[in-house]
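A.B. asks: If you want the building blocks of each chain, they are given just below.
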Amino acid sequence: MSVSKIRSEFPFLKRKYGRKGVSLAYLDNASTTQKPQVVIDAISDVYKNHYANIHRGVYDLSQEATEAYEEVREKVKNFIGAKDSREVIFTRNTTEAVNLLAYSLEQNLKDGDEIVLSEMEHHSNIVPWQMLKERLASRGQRLVIKYIPIDREGRLDLSRLDKLITNKTKIVSLTLMSNVLGTINPLSEIIKRARKICPGLIAIVDAAQAAAHLRLDVSNLGCDFLAFSAHKMYGPSGVGVLWGRKEILKSLPPFMGGGDMILSVTQDKTIFNELPWKFEAGTPNIADVIAFGNALDLIEKIGIEKIKAHEMELVDFVLKRLIRDRNVEVYGPIDLALRGPVIAFNIDGLHPHDVASILSGEAVAIRSGHHCAQPLMQALDEIAVCRVSFGVYNTKEEVLRLFEAIDKVKEVFDIPILQEPEALRPSEFK
Amino acid sequence: MDIYREEILEHWRNPRNFGRLKGANIIIDQINPLCGDQVTFYFKIKDKKIADVSFKGNGCAISIASASMLSSFIKGRSIDGLSKLTGADVLDLIGRPVSPARLKCAFLPLEAIRKIVKFEAGNPKLETNTKS
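So the protein lines, in turn, are chains G and L.
Start counting the first sequence at 6; every next residue gets the next number (the numbering used here).
Start counting the second sequence at 1484; every next residue gets the next number (the numbering used here).
It is worth saying that the hints were derived from the structure and are not from the lab.
Honestly, I wouldn't trust all of these hints.
[Claimed, not checked] In silico lysine-lysine, BS3-like type, Cα no more than 30 Å apart, as pairs:
{"no.": "1", "chain 1": "L", "residue 1": "K1587", "chain 2": "G", "residue 2": "K21"}
{"no.": "2", "chain 1": "L", "residue 1": "K1539", "chain 2": "G", "residue 2": "K413"}
{"no.": "3", "chain 1": "G", "residue 1": "K251", "chain 2": "G", "residue 2": "K88"}
{"no.": "4", "chain 1": "L", "residue 1": "K1587", "chain 2": "G", "residue 2": "K413"}
{"no.": "5", "chain 1": "L", "residue 1": "K1527", "chain 2": "L", "residue 2": "K1567"}
{"no.": "6", "chain 1": "G", "residue 1": "K313", "chain 2": "G", "residue 2": "K19"}
{"no.": "7", "chain 1": "L", "residue 1": "K1587", "chain 2": "G", "residue 2": "K25"}
Let the hints inform the model, and build the full structure from the sequences given.
C.D. replies: In structure tokens, the structure reads:
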């Protein structure tokens, strides 16, 4: 599918901004992606024609909704290379998936156990574990949280991994792709090395950033759990996925109690439902889950490898320019093979919010701030950074608008503008 | 964005009342939740008046310029008078437009002043570290 055909599928591009009347150069896809017409239509189609509660009614409409909902579970299973759709649990988002684990795994932990995270984790893969640590501490149990450090290039420093992991390491929970640096972490290697030291540990992969760019394969990763969010992959907000190994999921207590997660309830006792429904208490986000299926179809139709190749072309274009600019600092690996389509940078002496505000005036949307990764900011010794992140609909023309807008920022703040060789001038792409 | 006028940029380049204030009797750390920036305000309060004020820390151009302009504005004024200071007054001072997302940056020093007003009004709890 050509980029212009893809762009025609995304209605947000039809809205015009500013005096020039241009579409928004939306470069904040790591935060959330825009939605294609098929997803928007699917939501309204469910409510118009196929809506009823699932797993309950014996009437046809309820059956129809149930089938459509469960069909997406099957699609997700295939999307991540899992074997059994009963291992796929729908949550609200990645955050809820990690919280589910932090609660349900609590019973497995003993005093002095350890959990290994990394310095580049999103708060959603730090805070739930710190809360778990507090809960255990209130019962007199100690939980040690350790962090794999990052090196100067923004990669995980694995030189001391074999010391960080011990026979007390019960959980390793890591991001597959940094939401700030774009670094893609060699998780299958890390998990293998960790299991050599502590075979019984639970390996969790935060795939929230990776899911829209990398082919996910749970058997290849060798993990026990994998979590991601629909809204970062052109699907609706309010839908997340937790995949887990059946044997482990079966042994875990449910996260929340309520309707749909039971087989029988008496005044004294409840028998929990089978997988996956044991972990899906209450009426779920039916319409959005069904529409998420359309987002997965779109990704498969275009091909995730093609999506990444397109996005990485843009990354290459941006990096080539930014690393030549002595007034700009770029964070994260320069080697394209080690990263995904997220680029963090700062302009010397300028606060990222000022940069993003001026860019916004030029209809270029980038993110500024700590990106829910304050421990990473501390490791980088920055308070905040600017972040550009690409999606399937971004173009070179939008990147050139980004460059022009950065020049505008520099003009406002009196910072030398990078002189481009002719080959990089906008005219080439017009 | 039109807020980045020369006057704002000048205050950003050369902020007034910048640095630690010797003899300050109230110090307030303000954290901007948008970005995690921390700006510390130093007040010397005497006879229910802001005898002196300064600030220090990291911030965007809008928060630094706002702190610079506002600190000059409040110096010598009575705390009673400052209790009536509103967000609109701050925007009058620093100029418009400030986009809604950036109001937190512009109002960072105002929040510190509000804490002083509350404290002087007899509120015994002075929260010197807040995320508001």
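A.B. asks: All the hints need checking, so say for each whether the structure fits it.
C.D. replies: Hint-by-hint comparison with the structure:
1. Simply put, K1587 of chain L and K21 of chain G have alpha-carbon atoms about 28 Å apart, close enough for the 30 Å limit, and the pair holds.
2. A distance of roughly 28 Å separates the Cα atoms of K1539 of chain L and K413 of chain G; the hinted pair therefore holds under the 30 Å criterion.
3. The hinted pair formed by K251 of chain G and K88 of chain G meets the criterion: a straight-line CA distance of about 10 Å does not exceed 30 Å.
4. Restraint check for K1587 of chain L and K413 of chain G: satisfied, since their Cα atoms lie roughly 24 Å apart, inside the 30 Å limit.
5. A distance of roughly 20 Å separates the Cα atoms of K1527 of chain L and K1567 of chain L; the hinted pair therefore holds under the 30 Å criterion.
6. As the CA atoms of K313 of chain G and K19 of chain G are separated by approximately 24 Å, the hinted pair is consistent with the 30 Å bound.
7. A hinted pair counts as satisfied when its Cα atoms are at most 30 Å apart, and K1587 of chain L with K25 of chain G qualifies at roughly 29 Å.
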